[in-house]
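Q: Chain by chain, the residues:
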Amino acid sequence: MIKATVTGRIWSTKKLREMPAGSILEVQVEGTSSTMLAFDPLSCGIGEKVIVATGSVAASWFPGKAPPVDALIVGLIDETLNPNA
Amino acid sequence: MIKATVTGRIWSTKKLREMPAGSILEVQVEGTSSTMLAFDPLSCGIGEKVIVATGSVAASWFPGKAPPVDALIVGLIDETLNPNA
Amino acid sequence: MIKATVTGRIWSTKKLREMPAGSILEVQVEGTSSTMLAFDPLSCGIGEKVIVATGSVAASWFPGKAPPVDALIVGLIDETLNPNA
Amino acid sequence: MIKATVTGRIWSTKKLREMPAGSILEVQVEGTSSTMLAFDPLSCGIGEKVIVATGSVAASWFPGKAPPVDALIVGLIDETLNPNA
Amino acid sequence: MIKATVTGRIWSTKKLREMPAGSILEVQVEGTSSTMLAFDPLSCGIGEKVIVATGSVAASWFPGKAPPVDALIVGLIDETLNPNA
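Chains as they are written, first to last, in this note's numbering: chain V, 1 to 85; chain C, 1 to 85; chain D, 1 to 85; chain U, 1 to 85; chain W, 1 to 85.
These are computed hints drawn from the structure, not numbers from a lab. Be a bit skeptical, because a hint or two may be false.
Identical chains share a label here; the pair holds if one copy fits it or two copies do between them.
List time: in silico EDC-like cross-link candidates among lysine to aspartate or glutamate, alpha-carbon distance up to 16 Å [stated by the list, open to error]: (1) Lys-49 to Glu-79; (2) Lys-49 to Glu-30; (3) Lys-49 to Asp-78; (4) Lys-14 to Glu-79; (5) Lys-14 to Asp-78; (6) Lys-15 to Asp-78.
Extracted from the complex, chain V is given alone in its bound form (with noise of 0.2 Å):
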């Protein structure tokens, strides 16, 4: 899983009607300017950490047939103990 913050909301009203209706937000990779965008089942909020699952994982989470969904944020981070940090 990637460790990442929330830094925005995505919008699109032409999408496939397959998609589960939701928030996509976009989420920056920690340590990196890498971003990408991920199904939020949590209501997460701006500026929030976040654990993001990716790849066929995230689809087969959603009930039903899965949808054409590669990323999504699992949990929302208290946390992180890192001794040496």
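Got chain V; can you put chains C, D, U and W on it based on the hints?
A: Then chains C, D, U and W, alone, in the frame of chain V:
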């Protein structure tokens, strides 16, 4: 998923017969100089910002036997709300 | 698989209920400054060198329905024999 | 998918018996110095520009049990229309 | 697939019992300083050039239930014909 901008269109006459009919677009991944090719079911135009899903979830979207397609445009982006940008 | 060093531990109280109980560790990919998060079934400690498997094979390891977990620590590294290093 | 140029051909006599008969080509990913190896069902030549699909969708293309092949040339590129290039 | 050179061998005594018996090698991806770990069913030696398949196709190669292995050496490279190199 990846946020990208449509930059071109690919013509391919010699291809596997399992490739679905339709457009393959060249897109540039936002914030980078990397490009990739994605199947476009949404009739996107050059310059439009899109959401691209990659990997096996792209192939699974197609009806019937999954074709060898690993990138799919799943939505057009109207707007990104990014309060810190 | 990836060779990595355990660098931290993640606390997450708000998460998907499909996430398995257990530790999520932060690991640094050897030879890089990149970090990733991996589920730890082996009770690893900070500073230990580990083997991480990624993608759907990580999720498939879990009994029952595959959870949205895309990285799994599959072994601790005792030693690397590298005659040229 | 990836846009790439065929740069070489691989000879391998000692290989898994599950590897399909046929050519494995070395291709260079466009716009980078990265190379990868892809199975070629289209009899491509050195210097040709191709579309490469990667991941499990490449393996699923083969009839019968999926072989351990994660990259497949799915088309030759005739032309790219890129009005801004 | 990836073209790589075998650079080392990993010893791991504490590992998941689902890990298959056999060697895990460290390989360096050609043209880069990146290394990865791959399961070796071909008894490769240090310094040999190999073809590595990654992702779920590596796990699916194993008989029975797929183990959490995401990289597999599928062939040794005898030679690369690269007329422009």
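Q: Please sort Lys-49 with Asp-78 into within, between, both or neither, judging by C-alpha distance up to 16 Å.
A: within (8 Å within a copy, 25 Å between copies)
Q: With identical chains, the pair Lys-49 and Glu-30 could be close in the same copy or across copies; at 16 Å between alpha carbons, which is it: within, between, both, or neither?
A: Intra 9 Å, inter 21 Å, cutoff 16 Å: intra-copy only.
Q: Can you give me the call for Lys-14 and Glu-79, within, between, both or neither, at a CA distance of at most 16 Å?
A: between (37 Å within a copy, 12 Å between copies)
Q: Using 16 Å as the alpha-carbon threshold, which applies to Lys-15 and Asp-78: within, between, both, or neither?
A: between (33 Å within a copy, 10 Å between copies)
Q: With 16 Å as the alpha-carbon cut-off, assign the pair Lys-14 and Asp-78 to within, between, both or neither.
A: between (35 Å within a copy, 8 Å between copies)
Q: How would you label the pair Lys-49, Glu-79 (within, between, both, or neither) given a Cα cut-off of 16 Å?
A: within (9 Å within a copy, 22 Å between copies)
Taken one by one, the earlier hints all hold for this structure without exception.
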